[in-house]
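S.K.: Protein chains in written order, with the working numbering: chain A, 1 to 330; chain B, 331 to 840.
Please keep in mind that the hints were generated in silico from the structure rather than gathered at the bench.
Some hints here could point you the wrong way.
[Stated by the list, open to error] Stretches of chain B that chain A covers, calculated by requiring three or more beta carbons in the stretch to come under 8 Å of a beta carbon on chain A: (1) 368-381; (2) 386-398.
[What the hints assert, rightly or not] Take a look, some chain B residues computed to stay more than 10 Å from chain A by CB distance: (3) 336; (4) 348; (5) 426; (6) 531; (7) 555; (8) 564; (9) 602; (10) 611.
Just so it is clear, CB atoms sit at the ideal spot from N, CA and C, and this is done for glycine as well.
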Amino acid sequence: MTASTKPEQIKPEKILKDLQKLWSDLGKEDSRKGSAGVLRACAMTLIATVEGDADAQSVGETIANLMHQHPSRVIVMRVNPDETAGLDARVFAQCWMPFGRRQQICCEEIEITASQSRIADLPKLVLGIMAPDLPVVLWCRSEKLCRDPAFQQLFELTEKIIMDSSGFADPLGALNFIRGFISGGRNVADLAWTRLTHVRATISQIFENENTRARLKTLERVTISYAGPTQFGLETMPTCLYYLQAWFRDALSVAVDLQHTDARPNYEVSGIRLEGPAFVASVELQESMAEVTVNQLSRRVSFPKLGDCDLLREELSIVGVDPIYRRCIG
Amino acid sequence: MADANPFNDPLRFEKRAPPCAVVIFGANGDLTKRKLLPALYRLAYERRIPPSFAVIGNSRTAMSDDQFREKMRESVEKFLEDSPFEADLWESFAKNLFYIAGDLNDPKLYSEISDKLAEIEKTHQTAGNVLFYLSTQPSYYGPVANALGAADLQHGNGWRRIIIEKPFGHDLTSARNLNDEIHQKFEENQVYRIDHYLGKETVQNILAFRFGNGIFEPLWNRRYINHVQITAAESIGVEGRGAYYQEAGALRDMIQNHLAQVLATIGMEPAAVFEANAVRDERAKFLRSLRIMKPDAVLKNAVAGQYGPASIGTEEVVGFRQEPGVDPQAQTDTYAAVTFFADNWRWAGVPFYIRTGKRLPKRVTDIAIQFNPAPHSPFAAASPGATAPGRPNLLILRIQPEEGISLRFVSKEPGSGMQLRPVSMDFNYGTSFGARSPTAYETLLLDAMAGDATLYTRQDMVDASWTVVQPILEVWGNTKFDFPNYAAGTWGPKASDDMLAQHGHTWRVP
Numbered sequence: 001m002t003a004s005t006k007p008e009q010i011k012p013e014k015i016l017k018d019l020q021k022l023w024s025d026l027g028k029e030d031s032r033k034g035s036a037g038v039l040r041a042c043a044m045t046l047i048a049t050v051e052g053d054a055d056a057q058s059v060g061e062t063i064a065n066l067m068h069q070h071p072s073r074v075i076v077m078r079v080n081p082d083e084t085a086g087l088d089a090r091v092f093a094q095c096w097m098p099f100g101r102r103q104q105i106c107c108e109e110i111e112i113t114a115s116q117s118r119i120a121d122l123p124k125l126v127l128g129i130m131a132p133d134l135p136v137v138l139w140c141r142s143e144k145l146c147r148d149p150a151f152q153q154l155f156e157l158t159e160k161i162i163m164d165s166s167g168f169a170d171p172l173g174a175l176n177f178i179r180g181f182i183s184g185g186r187n188v189a190d191l192a193w194t195r196l197t198h199v200r201a202t203i204s205q206i207f208e209n210e211n212t213r214a215r216l217k218t219l220e221r222v223t224i225s226y227a228g229p230t231q232f233g234l235e236t237m238p239t240c241l242y243y244l245q246a247w248f249r250d251a252l253s254v255a256v257d258l259q260h261t262d263a264r265p266n267y268e269v270s271g272i273r274l275e276g277p278a279f280v281a282s283v284e285l286q287e288s289m290a291e292v293t294v295n296q297l298s299r300r301v302s303f304p305k306l307g308d309c310d311l312l313r314e315e316l317s318i319v320g321v322d323p324i325y326r327r328c329i330g
Numbered sequence: 331m332a333d334a335n336p337f338n339d340p341l342r343f344e345k346r347a348p349p350c351a352v353v354i355f356g357a358n359g360d361l362t363k364r365k366l367l368p369a370l371y372r373l374a375y376e377r378r379i380p381p382s383f384a385v386i387g388n389s390r391t392a393m394s395d396d397q398f399r400e401k402m403r404e405s406v407e408k409f410l411e412d413s414p415f416e417a418d419l420w421e422s423f424a425k426n427l428f429y430i431a432g433d434l435n436d437p438k439l440y441s442e443i444s445d446k447l448a449e450i451e452k453t454h455q456t457a458g459n460v461l462f463y464l465s466t467q468p469s470y471y472g473p474v475a476n477a478l479g480a481a482d483l484q485h486g487n488g489w490r491r492i493i494i495e496k497p498f499g500h501d502l503t504s505a506r507n508l509n510d511e512i513h514q515k516f517e518e519n520q521v522y523r524i525d526h527y528l529g530k531e532t533v534q535n536i537l538a539f540r541f542g543n544g545i546f547e548p549l550w551n552r553r554y555i556n557h558v559q560i561t562a563a564e565s566i567g568v569e570g571r572g573a574y575y576q577e578a579g580a581l582r583d584m585i586q587n588h589l590a591q592v593l594a595t596i597g598m599e600p601a602a603v604f605e606a607n608a609v610r611d612e613r614a615k616f617l618r619s620l621r622i623m624k625p626d627a628v629l630k631n632a633v634a635g636q637y638g639p640a641s642i643g644t645e646e647v648v649g650f651r652q653e654p655g656v657d658p659q660a661q662t663d664t665y666a667a668v669t670f671f672a673d674n675w676r677w678a679g680v681p682f683y684i685r686t687g688k689r690l691p692k693r694v695t696d697i698a699i700q701f702n703p704a705p706h707s708p709f710a711a712a713s714p715g716a717t718a719p720g721r722p723n724l725l726i727l728r729i730q731p732e733e734g735i736s737l738r739f740v741s742k743e744p745g746s747g748m749q750l751r752p753v754s755m756d757f758n759y760g761t762s763f764g765a766r767s768p769t770a771y772e773t774l775l776l777d778a779m780a781g782d783a784t785l786y787t788r789q790d791m792v793d794a795s796w797t798v799v800q801p802i803l804e805v806w807g808n809t810k811f812d813f814p815n816y817a818a819g820t821w822g823p824k825a826s827d828d829m830l831a832q833h834g835h836t837w838r839v840p
């Protein structure tokens with residue numbers, strides 16, 4: 001269900017009024033159908049910035065899935081390349097019927113589109129429509145919008161800013177950009193770091209064994225294998241590899257080498273090997289499985305490919321600062 | 331002792347099991363097939379079990395490792411809840427499953443297990459850690475613990491723990507005897523008595539609700555709470571377990587263990603830290619504060635019931651005495667309701683009503699906290715029914731099927747007058763946390779492997795809950811009941827309503 005707001009009326013009060021009407025209409029429609037009613041669920045304000053139609057569509061799907069676990073008032077801010085578009089807003093509900101239940105659960109979504117010249121209006125508009133007394137999380141998908149000075153006041157109000165440095169054109173620049181936020185007191189998460197959780201947990205699990213852990217001191221070398229278009233130079237090192245290397249260095253005082261293995265469109269970790277005189281452990285990443293080998297004992301573990309929705313789910317479950325990430329980004 | 335794991339990230343990594351072997355006695359039984367193996371597979375699927383892991387199954391049936399694996403594969407595929415079955419992952423997981431056939435009374439079995447564990451410790455790098463799971467007939471709990479001790483399996487290179495299923499004894503004396511028998515070979519900190527109710531997410535959430543919020547705990551006492559009702563109703567009958575149930579009954583099967591633990595979760599004082607013994611100390615303290623009834627008090631505060639035949643909808647349902655394997659004169663309680671009082675400062679005078687039964691109108695488990703009414707209602711003239719005793723503020727903690735929390739309060743009806751009516755504010759667990767909840771057995775198995783006994787019952791808790799139930803068992807054991815006294819599909823015998831009526835209360839309809 002959607003309600004559209006006329007361009008000349010784009011102001012917070014009008015959007016909130018449209019939201020109110022949306023809920024009232026949903027309730028009426030539901031009672032006409034004789035169902036058990038609509039449950040309005042909201043645990044935070046989640047703001048997403050997107051660029052282009054394709055991006056908007058993929059964000060829409062991600063958000064629809066995410067709402068089941070993190071019901072929110074979602075505000076999508078989209079930049080429209082059409083300069084005549086000006087500023088527009090519409091509100092709609094994301095509803096689903098949980099299996100075996102009679103009551104629909106609905107979250108509200110507000111989509112605001114702005115042409116380039118109206119980008120500066122977006123933050124002010126958003127300030128008036130955040131859900132009161134609930135955490136505000138900003139999922140900053142657009143590098144351009146994240147860097148826009150007009151967005152600074154929005155950053156001030158968010159508990160957490162989620163970025164994805166793997167989408168930035170310049171990886172080193174992305175890390176410096178994030179460091180700038182952190183030194184300014186902001187709580188920033190990077191999905192490039194979140195993508196490493198499974199592989200890090202798998203490595204950590206190897207050392208849950210006290211006998212194995214006792215060998216850590218004898219470890220001499222860690223090799224991270226990666227796939228990607230080419231071997232990269234120091235300035236173009238993908239952030240996921242930077243993070244993983246930093247994580248190993250944070251935990252151990254050993255050499256951490258990087259090794260290009262095969263050509264793939266995107267950079268990704270394909271394996272990790274830890275070696276010492278009397279100890280070898282490796283994790284080989286395959287399609288949706290990983291082969292974990294510790295001193296010749298091998299086992300396959302499930303290693304599902306994670307989408308934005310999975311990564312955001314993890315980040316939205318973490319309240320507060322991630323100290324290990326802070327140490328790794330330096 | 332090695333240093334802490336430098337790779338651990340407690341903020342992001344979920345709790346994981348350390349390397350270990352799990353030995354399941356009764357591996358051909360229903361519990362292993364329906365709950366234990368699906369739970370272990372699911373833990374492996376979620377990467378919570380390390381590569382250094384193995385399961386040794388035992389039962390009397392002769393089977394090869396491969397036959398056992400095949401059997402377990404069928405069970406896991408069939409009983410896995412809310413999870414995909416991945417053949418590749420199963421193949422890898424199944425390589426760690428082994429089977430030893432043998433009689434639990436035969437010492438040779440334990441030496442075979444000992445040899446296998448030694449072999450697995452080397453080949454699977456399990457670091458000598460072993461979890462023994464007794465999923466056998468209760469009469470074997472003591473003998474198996476003894477036999478494990480005789481084979482020196484209670485000690486090893488790593489930790490050794492033993493999980494014991496309910497029922498832990500069938501009365502106070504047998505529970506104490508069983509404790510003594512187990513303690514001859516195992517220390518109390520090695521013993522994990524499972525109560526799967528404590529592993530339920532929503533039961534754990536009661537602790538979060540009470541002690542993680544600042545607004546409820548100040549009201550959580552005799553000044554504001556009028557009484558508490560705990561209902562655990564099942565719509566089904568004994569479903570082929572007639573012979574077992576006939577010996578147990580509702581009081582033993584549900585109230586002594588599951589519901590006593592739920593009651594303790596509601597009534598306990600906050601622990602200083604969320605650590606196993608600190609939490610269990612508080613639960614035990616509350617259970618010890620429950621009033622022990624004299625025989626005449628039992629007659630007033632405990633009601634036994636047994637369902638008779640009835641038609642429910644289009645279904646003709648037989649009475650308990652007509653169930654297969656049940657004595658036609660059985661005196662078994664298929665329904666039990668008890669009023670407990672906790673003699674302590676927080677709860678003095680507050681009745682805790684507990685009821686459980688089979689063939690009740692629906693399957694539901696919930697806890698209703700009924701608050702005292704407002705001392706004076708200025709709206710009484712305009713809306714006489716709104717704040718009358720029949721419409722108190724109610725806090726309902728729903729355990730199953732729709733897990734969540736509801737708060738009932740009165741609100742003004744829209745309009746010019748001052749008409750009030752009760753409304754409900756709902757928190758639905760599934761709505762707010764759409765993620766799959768682990769099953770109770772996943773939670774509890776993982777906890778036992780990780781050495782976290784918070785959700786397991788301790789000897790003194792078991793002792794305390796048997797102590798309060800024992801006088802009721804004794805009175806009921808000496809009573810000839812005129813059963814059946816409630817029709818299948820109803821909310822139990824009238825005497826149960828009378829039990830509450832003597833305090834001016836009525837059962838709510840969940």
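S.K.: If a hint holds in the structure, say so; if it does not, say that too.
M.R.: So, going through the hints one by one against the coordinates:
Counting residues of the segment 368-381 of chain B whose C-beta lies closer than 8 Å to any C-beta of chain A gives 6; at least three are required, and the coverage claim holds. Counting residues of the segment 386-398 of chain B whose CB falls under 8 Å from any CB of chain A gives 0; the rule of at least 3 is not met. With a least CB separation of 4 Å from chain A, residue 336 of chain B falls inside the 10 Å interface cut-off, contrary to its annotation. With a cut of 10 Å on Cβ distances, residue 348 of chain B falls inside the contact zone with chain A, its closest approach being about 5 Å.
Listed as a non-interface residue, residue 426 of chain B fails to keep its Cβ farther than 10 Å from every Cβ of chain A; the least gap is roughly 8 Å. The claim that residue 531 of chain B lies off the interface holds: its Cβ sits roughly 14 Å from the closest Cβ of chain A, which is beyond the 10 Å cut-off. For residue 555 of chain B, the condition that its CB be more than 10 Å from all CB atoms of chain A holds, with the nearest at approximately 28 Å. With 10 Å as the threshold on Cβ separation, the claim that residue 564 of chain B sits away from chain A holds: the shortest Cβ distance comes to roughly 18 Å.
A cut-off of 10 Å between C-beta atoms confirms that residue 602 of chain B is not in contact with chain A; the least separation is 23 Å. For residue 611 of chain B, the requirement that its beta carbon stay farther than 10 Å from each beta carbon of chain A is met, with the minimum near 28 Å.
The structure shown violates the earlier hints numbered 2, 3, 4, 5.
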